[in-house]
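Novice: Sequence:
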Amino acid sequence: MNTTHTIPAAAATRRQTTGFRLHVAMLALLCAGAGAFMALHYPVAPMAAVLVFAAACAFFLRWPDSWLLVVPALLPLIGFAPWTGWITFEELDLLVLAAAVGGYARSALPGVPVAPKGKRVHLISPGSLLLVLLFAGSTLVAMVRGFEDAGGFAFGWYQGYHEPMNSVRLAKCFFMALLVLPLWWGAAARRGAQASTWLATGLSTGLAAAALTTLWERAAFTGLFNFSCDYRTTGLFWEMHVGGAALDGFLTLCVPFAVRELFFARSTPRWGTAVACLALAAYACLTTFSRGVYLAVPVAVVVTVACCLLSARRQAREAAWVNSLSGSPALTAARPGGRGLLPGIVLVAIFSAAIWWVFPTSGYRGLLALLGAMFVALPLAHTLRNFRAVDWVLGGLAGLLLSAAAWGVAALLPKGAYFAYALAFVFCVAMLFLGMNSPQPTGGGRRRNHAGLPAQLALAGYLAVLTSAVLVADHWGAVSGAMAAMGMAAAVFFAVAVAGGAAPRPLWPDSHRWQATALAAMVLVGGTLGVFTGGDYMSGRFSTSESDLDGRINHWREGWGMLTTPADQALGKGMGRYPASFFFAGSSVEHPGDYRLKEEAGNTFLTLGGGKQRYMGWGELLRVSQRMRAPQGPVRVELMARATHPVNLHLEICEKHLLYNAGCLTGGATLQGKPAASAAAPTPDAVPKPGAATITGTAGDWQTVKVMLTGKDIGDGPWYAPKLVSFSIATDTPQGVVDIDKIQLIGAQGQPLLDNGDFSQGMQRWFFSSDRNHMPWHIKSVLMNVLFDQGAVGLALFTLMGLAALWRVVLGTARDHPLGPAIAGGLVGFVVVGLFDSLVDVPRLAFVFYLV
3 MNTTHTIPAA AATRRQTTGF RLHVAMLALL CAGAGAFMAL HYPVAPMAAV
53 LVFAAACAFF LRWPDSWLLV VPALLPLIGF APWTGWITFE ELDLLVLAAA
103 VGGYARSALP GVPVAPKGKR VHLISPGSLL LVLLFAGSTL VAMVRGFEDA
153 GGFAFGWYQG YHEPMNSVRL AKCFFMALLV LPLWWGAAAR RGAQASTWLA
203 TGLSTGLAAA ALTTLWERAA FTGLFNFSCD YRTTGLFWEM HVGGAALDGF
253 LTLCVPFAVR ELFFARSTPR WGTAVACLAL AAYACLTTFS RGVYLAVPVA
303 VVVTVACCLL SARRQAREAA WVNSLSGSPA LTAARPGGRG LLPGIVLVAI
353 FSAAIWWVFP TSGYRGLLAL LGAMFVALPL AHTLRNFRAV DWVLGGLAGL
403 LLSAAAWGVA ALLPKGAYFA YALAFVFCVA MLFLGMNSPQ PTGGGRRRNH
453 AGLPAQLALA GYLAVLTSAV LVADHWGAVS GAMAAMGMAA AVFFAVAVAG
503 GAAPRPLWPD SHRWQATALA AMVLVGGTLG VFTGGDYMSG RFSTSESDLD
553 GRINHWREGW GMLTTPADQA LGKGMGRYPA SFFFAGSSVE HPGDYRLKEE
603 AGNTFLTLGG GKQRYMGWGE LLRVSQRMRA PQGPVRVELM ARATHPVNLH
653 LEICEKHLLY NAGCLTGGAT LQGKPAASAA APTPDAVPKP GAATITGTAG
703 DWQTVKVMLT GKDIGDGPWY APKLVSFSIA TDTPQGVVDI DKIQLIGAQG
753 QPLLDNGDFS QGMQRWFFSS DRNHMPWHIK SVLMNVLFDQ GAVGLALFTL
803 MGLAALWRVV LGTARDHPLG PAIAGGLVGF VVVGLFDSLV DVPRLAFVFY
853 LV
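Residue numbers (the numbering used here): 3 to 854.
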């Protein structure tokens, strides 16, 4: 929604400077005070948090524009709510405030360069500024209405989603984006196109960081290639503790910026980094098992690529026009406007069809075998263009001999097919490397000399690779159909290589960068097909798409029905009020559990309630948890509990990241609502036997509960993929209510394993989750979410801002801006995911969305 202009090199040495600006200094001081106050109340090591905040302020004071790299890169990593208990405020707030302190303090100093002398920098158009201000006003109104709906404002560091601070939690992200907007203007004025490069690099780095967290998560809890289990990755987006699509939205929003790097990368290392980033992102997208991601990411990539190609063509035409007027030749060649796009699409389509054909019988080994064959086929076509008839004959005969040798190795060794494939692949690559200096055809004609022995042997090695691929399929599939399917795919691949070598002109570019990009696309397509055909989970999700859509529509209708007054419909129920509204007025079938901190006579305790839904398993429980180290040996729980009606307590220590339990130690107790006259109370010092619970005290009053947890041993996992461990307490009694206090988790050596078990520090170190009952927490549509929170007025402004941004970067004045294609692709992809998930109820994600 704003435009910036690249600073010409000739003007870069003459810049405007400023004197001391008091109002900017006051803003920096205000941000410093807010950040220091928050850091002093940080739940874990507050003095260390203050020192880190001060160091970050100093860092950004020295390098004020580095926030373009640092903030997006760290955003998917710095969410520590499961360890701290903070929900309203988080580490990103401190990071953004530190960037604001450094940036504004540096801008307030006299003599700071702002822009080239005599060069006007356009910041934001009046229409866009008006939209932003109106939406800011709508957000403030929604926040105030949220306070009123919650019964009035009350400050608290550890309030939940039903309390008034939830309105602050969701409103602050938009104003944080506004806070750094002037910093972007300053960076763009000082650095020109470099500021765009830094921001794109920061978002691409954040994408890679988020993807790496999913690699760790899968390696620790499921295995990297297990696509059949019911486990959807969340990364370090703790906001998915009640479901949602935080990771989905972040991946979709950032993938276009990595795609942009492929077009703008001038150096091979930068291009290779972009390819590696996209490969990691592809794995992360696949393991979300999200139908929205599977639709949105391709759409976002197509939009980004199309905008890049159109922008390149416009700039090429403009450069040609300028050169024609000046009468001088172009100094630089125009970037090719998609010359290799069509052959790339065709090759990826051929590879996809082959994988679809062979995967059911050959599995991932067949997929890798065909990928290796395509890896050598692309450069081999360049070598085959030198061949005469004698070269084809000699290479073919040598290939038959090598193929026969591969058959012999496969027959003699236990896993000879794999060994033969590896030998053939290495041999073919080596011959291609040796034949790189072979004579090249020029002008589309043919040279009359021999191609050379290395080139002939490269063809022979390729034939052996294809033969070995068939043997791999036979070894893995062990059925006649495996060899037939792989044999047909091998024949097609051989035809592709021959066609590429026999054509008068190259059918695809000889550029190694182009070929690597095509191979990366094939890896992505192959992995996607593997996920769909290699496991039942994803196919099962797609089979329920129609019924899930009906459920979404009914859910939206129910949410709209909660806006009961004209004011609600026009201005919204209030920022962040959907969970509380559903709790009191939503479907009783999905009514969730809840928790509250209460106080009696100066003593703080936790009240835990069960929902109204029928409990089908552990997934429906609302848990209050604390991260801990893996215990060694037996563990027992001691706590104080009180219930006026019979209620079951569920206690567990599990290998768990966020939503899914693995190995667990479990135990439980049943509290009675009235004294049992015939029960003999055990002594307070009694130690429960394994699997049993000991309860002392009067039923209906505070009782001491001791439970020995039993079950599978808890492991830490390997060093490269450590497992996280959590202690959780819940009740599986529908509408059951129990008061909890003085929780102690005692290890084998008598050592305490929990912090803040008496809740004297509020919910510090405690965190709640609802593993599978997600609908009560989200309205499941970004448009419905804005409508519910901010009403029709807020939705209209939100839509106009989005359309204005898209118009500007697709058809408007910023269509040739370096970030234009990535912004267009990111926003379109974000909206596609947001059609079925309420993404802006995640502050970290909403911040980066508004920033983009």
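Keep in mind that the hints were calculated from the coordinates and are not lab data. Certain hints may be false.
Said to hold, decoys possible - Computed spacing ranges between beta-carbons, pair by pair:
#1 P754 to Q571: 49 to 59 Å
#2 S513 to E320: 24 to 34 Å
#3 L531 to S127: 20 to 30 Å
#4 R319 to A50: 49 to 59 Å
As the list claims (entries may be wrong) - Quick list of in silico lysine-lysine cross-link-like pairs, DSSO-like style, CA-CA up to 30 Å:
#5 K417 to K614
#6 K714 to K744
#7 K744 to K600
The C-beta atom is built at its ideal place from N, Cα and C for all residues, glycine as well.
Novice: Return the numbers of the hints above that this structure violates; sort them in rising order.
Specialist: 3 and 5
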